[in-house]
Amino acid sequence: MTTTDSGRTRTGPGGTRTGPGGTRTGPGQGLTWSLRGRGPQDVPVLADAGPPLGRPAGPATGRGVRVCVVDSGVERDHPLVGPLAGSWVVVKDGESGEITVEPTTTGDTCGHGTACAGIVRRTAPDCEIHSVRVLGERFSGTGDVLMAGLRWAVEQGFDVVNLSLSTTRTRFAQELHSLADSAYFARTVIVASAHNTPVESFPWRFASVISVGSHQEDDPELHLYNPDPPVEFFGPGQNVTVPWLGGRTIRTTGNSFATPYVAGLCARVLSAHPRMTAFQLKNALYLSAANVRHAPRPSTAAGDTRDDSEN
Amino acid sequence: MTPRTDSAPSLSSTTPALSAADAPRGELLQSVVDVARAIFGAEASSVFLLDEEADELVFQAVSGQGEEFLVGRRFPAGRGIAGWVATSGEPMVVDDLSADPSFDRSLAESTAYVPNALMAAPLISDARILGVLEVLDPSPQARSGVRELDLLAMFARQAAAALRVITPERVREAEHGDVFGGGGLGGARREDALKLLGSLERLLRGAG
Chain A
1 MTTTDSGRTR TGPGGTRTGP GGTRTGPGQG LTWSLRGRGP QDVPVLADAG
51 PPLGRPAGPA TGRGVRVCVV DSGVERDHPL VGPLAGSWVV VKDGESGEIT
101 VEPTTTGDTC GHGTACAGIV RRTAPDCEIH SVRVLGERFS GTGDVLMAGL
151 RWAVEQGFDV VNLSLSTTRT RFAQELHSLA DSAYFARTVI VASAHNTPVE
201 SFPWRFASVI SVGSHQEDDP ELHLYNPDPP VEFFGPGQNV TVPWLGGRTI
251 RTTGNSFATP YVAGLCARVL SAHPRMTAFQ LKNALYLSAA NVRHAPRPST
301 AAGDTRDDSE N
Chain B
1001 MTPRTDSAPS LSSTTPALSA ADAPRGELLQ SVVDVARAIF GAEASSVFLL
1051 DEEADELVFQ AVSGQGEEFL VGRRFPAGRG IAGWVATSGE PMVVDDLSAD
1101 PSFDRSLAES TAYVPNALMA APLISDARIL GVLEVLDPSP QARSGVRELD
1151 LLAMFARQAA AALRVITPER VREAEHGDVF GGGGLGGARR EDALKLLGSL
1201 ERLLRGAG
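Line by line, the protein sequences are chains A and B.
Reminder that position 156 of the first sequence reads as 156 in our numbering, one-by-one numbering, no gaps.
Reminder that position 26 of the second sequence reads as 1026 in our numbering, one-by-one numbering, no gaps.
Calculated directly from the structure, the hints in this document are not laboratory data.
The structure presented is a predicted model; accordingly, all values stated were derived computationally and were not measured.
Glycine is no exception: its CB is placed at the ideal position from the N, C-alpha and C atoms.
Do not rely on the hints blindly, as some may be mistaken.
[Said to hold, decoys possible] Short, incomplete list of chain A residues facing chain B, as computed with Cβ under 7 Å:
id, residue
1, Ile99
2, Pro103
3, Thr105
4, Cys110
5, Leu135
6, Gly136
7, Gln174
8, Ser178
9, Ser214
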């Protein structure tokens, strides 16, 4: 898959699945089981080094990066959100059970999605914001609507997907896991909220997403790495001023609002380093986290290669 | 613009009078809202239960503002903060609401009371969302923090567990989308009753 309208050059699994002669290298489409008959010169990768210490450079504003907010919709023309590049809704037919994704003009059903989009906007002011509404329609609490919305967002090849939601329904866990892995390899970064209460829910539990919880500090630009995952990062989520319905703002609290801050950071990093992969992005967040200190490189004794100063 | 104006509550379809068997349940829910209100020093507290079939949230118990007339009122389950909580299964705390005249019109219209702050947590039992516990205008010291959100969510979980213990058959009904049999209307009769209510609502709207 190649997406060029964002300014990012993306080569997804489809771009790497064939050898020089076009021969498939594995039994399944897109699978590369091992490197046969080809050498390093056949698989060149042009990389972006990533920002020094993981921090996006000042001018990195998210320009050219496509962010999708999967939530309750986004209010149209909210001054703190600005124009949306696309607005969609996931609808489930009560009788046939068929689920479709359709363009919509209905905005936001409760304010939550508008709040998330506003946080993305203020963190990465020049990014492109799209909305997929998975709440507020009938049957939207059933999990499969969320699943369909997230799948759609991944299939569109958005650079960053903000998901301040999760499902506790374990029957979706396997499917969500596969979807999260597909997104990871296709360089669609899913930034997912941890549940606000200590329950098992998905997809934030998976290593292929960037999972976010809330810290209690007042600094609106502080993020932390959690040395004790599964939730990997903490962002500002307490008493956050956010855009709400009717063009206004409110204050609110929760992991939901820490997540779009991290999604916005991802958009900023990607705008300056468009070739970065999901794991590089995660590393940039790790390196720039306020609690990650950079230990001095230990003096290496001859022959001792156990240098663990990864930070 | 948002569809807020569409989210006005359906005119209240009052629940049938509680039968004797419902008394402990009513007492429990009233106790839940009374205690929630006391914990957070709040102006009001309510429990909504989810009627999956009608896709509506129904006021089941109220403490404080609206206590006399809100029980039984319904509004669309996917709207507003309670709707978000009911469909996402996540608790939520919001503040500075009164600065927003468009805030939750459904609630404002049905309660004649617009809170400045609101906390809401899902009532979850055995991974099913039964409804929402809401606390309106908690005291300034008891709002907006992560700890308060935790406390409310924990209390709501306890309330949901108690609800399940005291009325297991009701909870099973909820799982089948039939929470509000109330007076015990079954199948076809209930459907007839709902149709009647729908007609009545249209009639009243037309008249209004």
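We went through each hint and held it up to the structure:
About 15 Å separates the beta-carbon of Ile99 of chain A from the nearest beta-carbon of chain B, more than 7 Å, and the hint is not met. Taken as an interface hint, Pro103 of chain A does not check out: its beta carbon lies about 15 Å from the nearest beta carbon of chain B, beyond 7 Å. Here the hint on Thr105 of chain A is broken, as its CB sits about 9 Å from the closest CB of chain B, past 7 Å. Hint status for Cys110 of chain A relative to chain B: holds, with the closest Cβ pair at about 4 Å, below 7 Å.
Against a cut-off of 7 Å between C-beta atoms, the interface hint on Leu135 of chain A holds, since the closest Cβ of chain B lies about 5 Å away. Checking Gly136 of chain A against chain B by beta carbon gives a least distance of about 4 Å; that is within 7 Å, so the hint holds. Against a cut-off of 7 Å between C-beta atoms, the interface hint on Gln174 of chain A is violated, since the closest Cβ of chain B lies about 16 Å away. This hint is violated: Ser178 of chain A has a C-beta 22 Å from the nearest C-beta of chain B, more than the 7 Å allowed.
Using the Cβ-Cβ criterion of 7 Å, the hint placing Ser214 of chain A at the interface with chain B is satisfied: the shortest such distance is roughly 6 Å.
When the structure is compared with the earlier hints, violations turn up for hints 1, 2, 3, 7, 8 and for no others.
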